[in-house]
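Protein chains in written order, with this note's numbering: chain A, 1 to 362; chain B, 1 to 293; chain C, 1 to 255.
Calculated directly from the structure, the hints in this document are not laboratory data. The beta-carbon is built from N, C-alpha and C at its ideal position, and this holds for glycine as well. Where hints are given, some of them may not hold.
Stated by the list, open to error - Quick look at which bits of chain A chain C covers, simulated, 3 or more residues with Cβ under 8 Å:
| # | region |
| --- | --- |
| 1 | 53-61 |
| 2 | 232-242 |
Said to hold, decoys possible - Derived, one-sided and incomplete: chain C residues facing chain A with beta-carbon distance under 10 Å:
| # | residue |
| --- | --- |
| 3 | 50 |
| 4 | 77 |
| 5 | 89 |
| 6 | 92 |
| 7 | 102 |
| 8 | 108 |
| 9 | 114 |
| 10 | 124 |
| 11 | 126 |
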Amino acid sequence: MAKKKKMSKSARTYLTSFLLVAIFYGAVEAIRLSGNLSSKAAGLLIPVCAYIMMAISLNLVVGFLGELSLGHAAFMSAGAFVGVFFYNTAGASLPRWLAVVLAFLIGGLAAGIFGMIVGVPVLRLSGDYLAIVTLAFGEILKNVLNSLYIGVDSAGVHFSLKDQFSLNMEPTGKVLMKGAMGITGIKKFSYFSVGILLIVLTLLFVLNLMNSRAGRAITAIRDDDIAAKSVGINLTRYKLMAFVSSAVIAGFAGVLYALNFASLVAKKFDYNLSINILVMVVLGGMGSIPGAIVAAIVLTVLPELLRGFSQYRMFIYSIVLIVMMLFNRAPAFVAWRQRLGLKIRNKKDGSGVSSGNAKKEG
Amino acid sequence: MQFLSYLVRGISLGSVYALIALGYTMVYGIAKMLNFAHGDIIMVGGYVVFFAFCQGGMNPWLAVILAVVACTLLGITIEKVAYKPLRGAPSLAVLITAIGVSYFLQNGAMLLWSSEPKSFTSVVSLPALNLFGGSLQISAETLVTIAVSVVIMVVLIWFVNKTRPGHAMQAVSEDRGAAQLMGINVNGIISLTFAIGSGLAAIAGALLLSSYPTLVPTTGAMPGIKAFVAAVFGGIGSIPGAFLGGILLGIIENLSKAYISTQLSDAIVFIVLIVVLLVKPSGLLGKKQTVKV
Amino acid sequence: MALLEVKNLGISFGGLQAVSGLDLTVESGHLYGLIGPNGAGKTTAFNMLTGMYQPTEGTITFDGVNITGKDPEYISKAGIARTFQNIRLFSAMSVLDNVKVGMHNRVTYGMFDGVFRTKKYHQKEAEMNEKAQKLLDVFGIGEKADYAASQLPYGQQRKLEICRALASDPKLLLLDEPAAGMNPNETAELMETVRKVRDEFGIAILLIEHDMKFVMGICEDITVLEYGKIIAHGDPQTVANDPEVIKAYLGGDDD
Numbered sequence: 001m002a003k004k005k006k007m008s009k010s011a012r013t014y015l016t017s018f019l020l021v022a023i024f025y026g027a028v029e030a031i032r033l034s035g036n037l038s039s040k041a042a043g044l045l046i047p048v049c050a051y052i053m054m055a056i057s058l059n060l061v062v063g064f065l066g067e068l069s070l071g072h073a074a075f076m077s078a079g080a081f082v083g084v085f086f087y088n089t090a091g092a093s094l095p096r097w098l099a100v101v102l103a104f105l106i107g108g109l110a111a112g113i114f115g116m117i118v119g120v121p122v123l124r125l126s127g128d129y130l131a132i133v134t135l136a137f138g139e140i141l142k143n144v145l146n147s148l149y150i151g152v153d154s155a156g157v158h159f160s161l162k163d164q165f166s167l168n169m170e171p172t173g174k175v176l177m178k179g180a181m182g183i184t185g186i187k188k189f190s191y192f193s194v195g196i197l198l199i200v201l202t203l204l205f206v207l208n209l210m211n212s213r214a215g216r217a218i219t220a221i222r223d224d225d226i227a228a229k230s231v232g233i234n235l236t237r238y239k240l241m242a243f244v245s246s247a248v249i250a251g252f253a254g255v256l257y258a259l260n261f262a263s264l265v266a267k268k269f270d271y272n273l274s275i276n277i278l279v280m281v282v283l284g285g286m287g288s289i290p291g292a293i294v295a296a297i298v299l300t301v302l303p304e305l306l307r308g309f310s311q312y313r314m315f316i317y318s319i320v321l322i323v324m325m326l327f328n329r330a331p332a333f334v335a336w337r338q339r340l341g342l343k344i345r346n347k348k349d350g351s352g353v354s355s356g357n358a359k360k361e362g
Numbered sequence: 001m002q003f004l005s006y007l008v009r010g011i012s013l014g015s016v017y018a019l020i021a022l023g024y025t026m027v028y029g030i031a032k033m034l035n036f037a038h039g040d041i042i043m044v045g046g047y048v049v050f051f052a053f054c055q056g057g058m059n060p061w062l063a064v065i066l067a068v069v070a071c072t073l074l075g076i077t078i079e080k081v082a083y084k085p086l087r088g089a090p091s092l093a094v095l096i097t098a099i100g101v102s103y104f105l106q107n108g109a110m111l112l113w114s115s116e117p118k119s120f121t122s123v124v125s126l127p128a129l130n131l132f133g134g135s136l137q138i139s140a141e142t143l144v145t146i147a148v149s150v151v152i153m154v155v156l157i158w159f160v161n162k163t164r165p166g167h168a169m170q171a172v173s174e175d176r177g178a179a180q181l182m183g184i185n186v187n188g189i190i191s192l193t194f195a196i197g198s199g200l201a202a203i204a205g206a207l208l209l210s211s212y213p214t215l216v217p218t219t220g221a222m223p224g225i226k227a228f229v230a231a232v233f234g235g236i237g238s239i240p241g242a243f244l245g246g247i248l249l250g251i252i253e254n255l256s257k258a259y260i261s262t263q264l265s266d267a268i269v270f271i272v273l274i275v276v277l278l279v280k281p282s283g284l285l286g287k288k289q290t291v292k293v
Numbered sequence: 001m002a003l004l005e006v007k008n009l010g011i012s013f014g015g016l017q018a019v020s021g022l023d024l025t026v027e028s029g030h031l032y033g034l035i036g037p038n039g040a041g042k043t044t045a046f047n048m049l050t051g052m053y054q055p056t057e058g059t060i061t062f063d064g065v066n067i068t069g070k071d072p073e074y075i076s077k078a079g080i081a082r083t084f085q086n087i088r089l090f091s092a093m094s095v096l097d098n099v100k101v102g103m104h105n106r107v108t109y110g111m112f113d114g115v116f117r118t119k120k121y122h123q124k125e126a127e128m129n130e131k132a133q134k135l136l137d138v139f140g141i142g143e144k145a146d147y148a149a150s151q152l153p154y155g156q157q158r159k160l161e162i163c164r165a166l167a168s169d170p171k172l173l174l175l176d177e178p179a180a181g182m183n184p185n186e187t188a189e190l191m192e193t194v195r196k197v198r199d200e201f202g203i204a205i206l207l208i209e210h211d212m213k214f215v216m217g218i219c220e221d222i223t224v225l226e227y228g229k230i231i232a233h234g235d236p237q238t239v240a241n242d243p244e245v246i247k248a249y250l251g252g253d254d255d
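Here chain A stands alone, though its shape is the one from the complex:
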């Protein structure tokens, strides 16, 4: 294997990731300037940016920490609703740019808090339970948001989990959130460059984190949590770090996504979305940031291009998931690939393989 002559692996990851974003941005702007950007395509730009952020952040938990979270959409939802709620209420009286910035910060914070609430009790559990519990939290949040009514009148703020009329408001009162109908009347804030900026910030955060002491701790926990404990790594601390960080980023993605539309409903952030993001992470290669970027773009754009195949889409995704897992993780396949790799390496540098036949896995 080549030594220090080539660029280090981490430097290559940085380069590839930023290059991909630059190419994506450049390509879109080029198409837009040439006048060929259809309104449908233009409408996809912000969602793609949001999904890229979602895929990168889910990779933190699934790819780097090695835990399965099935409720990632819930963090997007939490950020979106809290951020937009602020934007529509207190934010309406502020200058637009300030309202937007605050909406992002508040949304991200809300998602992070929700991440803490979910993470603290749940990260102690084994992987199987963690998966179901994150799914459960996702469903709980969706159901609660769907039932939530909020209104304000001169007497103050009213809440109801039943219906609009239980708010018992004066006729001049304003309904801010209508259960399953969500929040309406959002003053859209939709700029592709803002989306790109957020992706860049996300990349900087995640790449810098993973290539630091904390990132090594997180990866160590994934590779062998018993060995990680034995060198003094506090498992809960770093699991929480990965989990909450990914929640905050998802929250930002949620605000970005929500400000792109005039109305916001909880139904959009469901189990299916969580699975879609998971497919992006798996398809891009768990733990690969550039892979997540490409997969997010491809898996959002492709279904739009191949409208005729939309009914086959999830079916194909499911097969992709199964096949990728079998090829990448099934011990028989992994061993077969290693033998193949060993053969190639032997041919290359002519050295034999030494006594590496004792059992290596713990």
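Given the structure of chain A, go ahead and fit chains B and C onto it with the hints provided.
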């Protein structure tokens, strides 16, 4: 009286959850994996009965048996193709694969049979029971569902405790390596576990749809997840636990649906899961990760 | 005062007494062996010393502090490091990173420094790189710093595991069957390595082994366990001639 009616319906719903939970808990205890696709096998069973009996006019008993056979074969195939190759891989991998299988079944069903709701005719053709002079009516489906799940639970407990394959299942659940050294055919036992679980799912499907007669490709997903909650609630790996958890969960859900709202009843079911995992992760009756009574 | 004082240590699992009445004294700068037939409780003892298991009786005093029942993180920070029977490396990480993880609690900086790439980050990373490389060089695997840990041959993986353990600056190093799966050449090399660790790093070493040549060759003091209890203790000569020990090992030992 209304309350009693809701309660009984809740017990019936809970019985369906119990049947599904039994499959979950056995697979988890013995194969040590969470079979996400379990709920979707219910759906497949439902479609088999639909085409055989509701549309095809086959005798309902035969239709259910056909569904049991079909689902058993399906369950064994899934295990051999998708789960067995991943033994020894990190559990994240098999979880993701199980999700893949679940989606495969759901979307496959959508492609084959469209997502248009099918109207299911009940396999139970007995009259309803009228109590207290007609003020409490219990449907035959409800009664049959409860009766069937009680019978099946008793049979399963007997099977696990009094038969050789049952003992072998306990051994594999306790210590797979030792069981293998003792000459137990571990692969066969795991296949048997999936077979039993899938067969039960088929019966659960037929009964679920008899009470809630709308059949779509996603029919099995939510009950499957809730049945997992029930299994954890009762104690994962424990057969009476799965039964108890299922019944209790069904009651909780139905009462919530009646007195609060349908939307929030789902949320409450999941809150139960979280509370259990925080307070007593081993569930009501569970102790270790073994299939025991 | 001894570095490690173990008194009457014991643990029972659901009625089965795996270890009982274990006494051990370890002085800095010396090499100790813990041997016994399979299932004698040796790894269980290690697991208690490193906080993986909670003892049900007895005390462990390390450097004057009672560490009985403390968790692995505490014990690692206190200065006990270990290797495992089945090598537990971070297989996806590079050789160098494996060692750097070992330094997790010795060369530190916060999440903020990592994300915002402060001066502290650069300083500490450079420090870690230097220290880790030096450690790898001492053990002859410095050239492979950028290889993935899983690409190393078995003997070097074991060395890497020891490097990682040493990176945490321990006062006591626990080696669990370090020679397992090695051929005679690798075993001889390992013996040199372990001696070097004791001599150059001046720390105490306690090891579990089945390879009698290895144990008798380097250990200064040996404790023998059978069925969780001590049946003999002393220098290699004494232990080798002890009739109880011979009886326990009757039926073959060396693999």
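Do the hints match the structure? See the list:
{"no.": "1", "hint": "53-61", "verdict": "violated (count 0)"}
{"no.": "2", "hint": "232-242", "verdict": "holds (count 4)"}
{"no.": "3", "hint": "50", "verdict": "holds (6 Å)"}
{"no.": "4", "hint": "77", "verdict": "holds (5 Å)"}
{"no.": "5", "hint": "89", "verdict": "holds (7 Å)"}
{"no.": "6", "hint": "92", "verdict": "holds (6 Å)"}
{"no.": "7", "hint": "102", "verdict": "holds (5 Å)"}
{"no.": "8", "hint": "108", "verdict": "holds (7 Å)"}
{"no.": "9", "hint": "114", "verdict": "holds (3 Å)"}
{"no.": "10", "hint": "124", "verdict": "holds (8 Å)"}
{"no.": "11", "hint": "126", "verdict": "violated (13 Å)"}
Checked against the numbered hints given earlier, the structure breaks hints 1 and 11 and satisfies all the rest.
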